[in-house]
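Asker: Here the protein sequences line up with chains A and B, keeping their order.
Last residue of the first sequence? That's 106 in UniProt numbering, and every number before it is there in order.
Last residue of the second sequence? That's 280 in UniProt numbering, and every number before it is there in order.
What the hints contain is simulated information worked out from the structure, not anything from laboratory work.
Predicted, not measured: the structure shown is a model, and the values here were computed from it.
It is possible that some hints are incorrect.
Stated by the list, open to error - With the Cβ distance kept under 10 Å, some of the chain A side facing chain B (calculated, not the full set):
no.: 1; residue: P6
no.: 2; residue: A8
no.: 3; residue: F9
no.: 4; residue: E62
no.: 5; residue: I66
no.: 6; residue: S69
no.: 7; residue: Q74
no.: 8; residue: I77
no.: 9; residue: F85
no.: 10; residue: S89
no.: 11; residue: N91
no.: 12; residue: F101
Said to hold, decoys possible - Cross-link-like lysine to aspartate or glutamate pairs, in silico, EDC-like; alpha carbons within 16 Å at most:
no.: 13; chain 1: B; residue 1: K136; chain 2: A; residue 2: D2
no.: 14; chain 1: A; residue 1: K102; chain 2: B; residue 2: E51
no.: 15; chain 1: B; residue 1: K130; chain 2: B; residue 2: E83
no.: 16; chain 1: A; residue 1: K102; chain 2: B; residue 2: E158
no.: 17; chain 1: B; residue 1: K275; chain 2: B; residue 2: E225
no.: 18; chain 1: A; residue 1: K40; chain 2: A; residue 2: D83
no.: 19; chain 1: B; residue 1: K124; chain 2: B; residue 2: E107
no.: 20; chain 1: B; residue 1: K214; chain 2: B; residue 2: E233
no.: 21; chain 1: A; residue 1: K102; chain 2: A; residue 2: D86
no.: 22; chain 1: B; residue 1: K218; chain 2: B; residue 2: E260
no.: 23; chain 1: B; residue 1: K47; chain 2: A; residue 2: D2
no.: 24; chain 1: B; residue 1: K251; chain 2: B; residue 2: D270
Claimed, not checked - Label-pair distances were calculated between CB atoms; the ranges are:
no.: 25; chain 1: B; residue 1: K251; chain 2: A; residue 2: N55; range: 25 to 33 Å
no.: 26; chain 1: A; residue 1: I77; chain 2: B; residue 2: H102; range: 20 to 28 Å
no.: 27; chain 1: B; residue 1: L41; chain 2: A; residue 2: N55; range: 36 to 44 Å
no.: 28; chain 1: A; residue 1: E44; chain 2: B; residue 2: I230; range: 45 to 53 Å
no.: 29; chain 1: A; residue 1: P54; chain 2: B; residue 2: E260; range: 21 to 29 Å
no.: 30; chain 1: B; residue 1: T111; chain 2: A; residue 2: M1; range: 44 to 52 Å
no.: 31; chain 1: A; residue 1: I77; chain 2: B; residue 2: K232; range: 57 to 65 Å
no.: 32; chain 1: A; residue 1: R21; chain 2: B; residue 2: Y266; range: 45 to 53 Å
no.: 33; chain 1: A; residue 1: M1; chain 2: B; residue 2: M253; range: 49 to 57 Å
no.: 34; chain 1: B; residue 1: L41; chain 2: A; residue 2: N80; range: 23 to 31 Å
Yeah, the Cβ is synthetic: ideal placement off N, Cα and C, and Gly gets one too.
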Amino acid sequence: MDTSNPAAFVNAELLRMYVGRRVRAVIQVLRNDGGSIFGKSTDEQELVVKGHPPNPPTTFVEVIGIADSNRSIQAEIWTNFGDNFDVSSYNTICQLANGDFKHLFI
Amino acid sequence: MYGNSQFDGSAAFSGGGFMPSQAIPTADPSSPAKSREAQGLLPLTVKQIREVFQASDDKANFLIDGVSVNNVKLVGLLFEKTERVTDVSFVLDDGTGRIDCHRWVQESLDTKEMELLSNGTYIKVHGHLKGFQGVKQLVVYSVRRITDYNEIPNHVAECIYVHCYNTRTRKMQDAPQATGQLPNPAVNTPSKGYQPTSSNHSQFSVQPIVDGMKGIDKIVLNYIEQPSCIGKENGIHRAELAKQLNVPEHKIMEAISSLESEGLIYATVDEFHFKSTVNG
Chain A
1 MDTSNPAAFV NAELLRMYVG RRVRAVIQVL RNDGGSIFGK STDEQELVVK
51 GHPPNPPTTF VEVIGIADSN RSIQAEIWTN FGDNFDVSSY NTICQLANGD
101 FKHLFI
Chain B
1 MYGNSQFDGS AAFSGGGFMP SQAIPTADPS SPAKSREAQG LLPLTVKQIR
51 EVFQASDDKA NFLIDGVSVN NVKLVGLLFE KTERVTDVSF VLDDGTGRID
101 CHRWVQESLD TKEMELLSNG TYIKVHGHLK GFQGVKQLVV YSVRRITDYN
151 EIPNHVAECI YVHCYNTRTR KMQDAPQATG QLPNPAVNTP SKGYQPTSSN
201 HSQFSVQPIV DGMKGIDKIV LNYIEQPSCI GKENGIHRAE LAKQLNVPEH
251 KIMEAISSLE SEGLIYATVD EFHFKSTVNG
């Protein structure tokens, strides 16, 4: 059992709080150049995710990795989340998991 | 050889069949109902499990938010899967931490279910939390691949909801029943959770839900829960509700359908008569 390296739920807004730390985010893919993905975060801002995206990526992908800067993530794990995903609930979860209920997650 | 033996009903129906033996707290004769309540499935994060309070050396005794924990539900990524002849072990990473899981494979169904899964897939597990020499691990009895990824935020929302429910109920009732039954957050099966325990006043177990109710729902429920209404075999007609409460009938119908979907009332002889699920 190990909770030393959690990945925080983030949207673009929350990403800036975790620069240099492990995060997880769901991105809507806008452009994929093979080495990185340009996409929209769940709070509708543009993010860059570096690494090796799945081939082909679905509309939504989840990335777990290290927050590079307040606009980019260096991904370690990619998961295709399909073409139907409720972005607004995920975004709410991000806010809750970093707000009153942070102690349940990180 | 069968001639003498008497059929021991209590042993046969004591629930041994499907339940892990640890889950039957024979050492707790004070409240026989509790053994069933403790079987609830608790949605949790690994972080919550790490901070779990082990009440005693008794393996079956963990407390989270004041509720004893036996069966848990977790959602996360599967890693380090190792298949052996009798069991499969793996690590579940839900983003808050990692926990070791163990699954016994006895039947081909178990084997098949595990074969479908490879490292790095999102899974939902149901299992039994165990502590052994200070190390917590999960003995899982269901491992399903996640196909709809909305289940992940949904699970997180459930964890938050249940945490709130349990911490709030505990604050509200300082009674010995504080370990209150956990309602299954999936709305379609609330009935078990809301039934009062015999010694408890019905208001207590219903309270947390009543709080979040709209005015009319609450008025209707209060009326239906009156002893005089509970006493009527067929329940109460919705026209009578409208008349007695002086509320238009369509409002009554809205309230009735929402109370019905919460499992607080049910239709009796026809679709016009209703009764409270909290009966004496």
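Asker: Now tell me if each hint is right for this structure.
Answerer: Results for each hint:
1. P6: Hint holds; A/P6 Cβ to chain B Cβ min 5 Å, cut 10 Å.
2. A8: Holds: closest Cβ of chain B sits about 8 Å from A/A8, inside 10 Å.
3. F9: Cβ of A/F9 sits 7 Å from chain B, so the hint holds.
4. E62: Cβ of A/E62 sits 7 Å from chain B, so the hint holds.
5. I66: 14 Å, violated
6. S69: 21 Å, violated
7. Q74: 17 Å, violated
8. I77: It holds, given that the least Cβ distance between A/I77 and chain B is near 7 Å, below 10 Å.
9. F85: 6 Å, holds
10. S89: For A/S89, the interface hint holds, since the closest Cβ of chain B sits about 5 Å away, which is under 10 Å.
11. N91: 9 Å, holds
12. F101: A/F101 check passes; min Cβ-Cβ to chain B is 5 Å, inside 10 Å.
13. B/K136 - A/D2: 10 Å, holds
14. A/K102 - B/E51: 14 Å, holds
15. B/K130 - B/E83: 20 Å, violated
16. A/K102 - B/E158: 15 Å, holds
17. B/K275 - B/E225: With Cα atoms ~8 Å apart, B/K275 and B/E225 stay inside 16 Å; holds.
18. A/K40 - A/D83: 14 Å, holds
19. B/K124 - B/E107: 20 Å, violated
20. B/K214 - B/E233: 27 Å, violated
21. A/K102 - A/D86: Answer violated: A/K102 to A/D86 is near 22 Å, above 16 Å.
22. B/K218 - B/E260: 13 Å, holds
23. B/K47 - A/D2: 9 Å, holds
24. B/K251 - B/D270: Since the Cα atoms of B/K251 and B/D270 sit roughly 19 Å apart, the hinted pair is violated (cutoff 16 Å).
25. B/K251 - A/N55: 25 to 33 Å: Once the Cβ atoms are compared, 56 Å apart, the range 25 to 33 Å for A/N55 and B/K251 is violated.
26. A/I77 - B/H102: 20 to 28 Å: Cβ of A/I77 to Cβ of B/H102: about 23 Å, so the range 20 to 28 Å holds.
27. B/L41 - A/N55: 36 to 44 Å: Taking Cβ atoms as reference, B/L41 and A/N55 lie about 37 Å apart, which means the hint holds.
28. A/E44 - B/I230: 45 to 53 Å: Given about 52 Å between the Cβ atoms, the range holds.
29. A/P54 - B/E260: 21 to 29 Å: 45 Å, violated
30. B/T111 - A/M1: 44 to 52 Å: This hint is violated: roughly 26 Å between Cβ atoms.
31. A/I77 - B/K232: 57 to 65 Å: 60 Å, holds
32. A/R21 - B/Y266: 45 to 53 Å: 51 Å, holds
33. A/M1 - B/M253: 49 to 57 Å: 51 Å, holds
34. B/L41 - A/N80: 23 to 31 Å: Distance hint for B/L41, A/N80 holds at roughly 28 Å.
When held up to the earlier numbered hints, the structure conflicts with 5, 6, 7, 15, 19, 20, 21, 24, 25, 29, 30 and fits the remainder.
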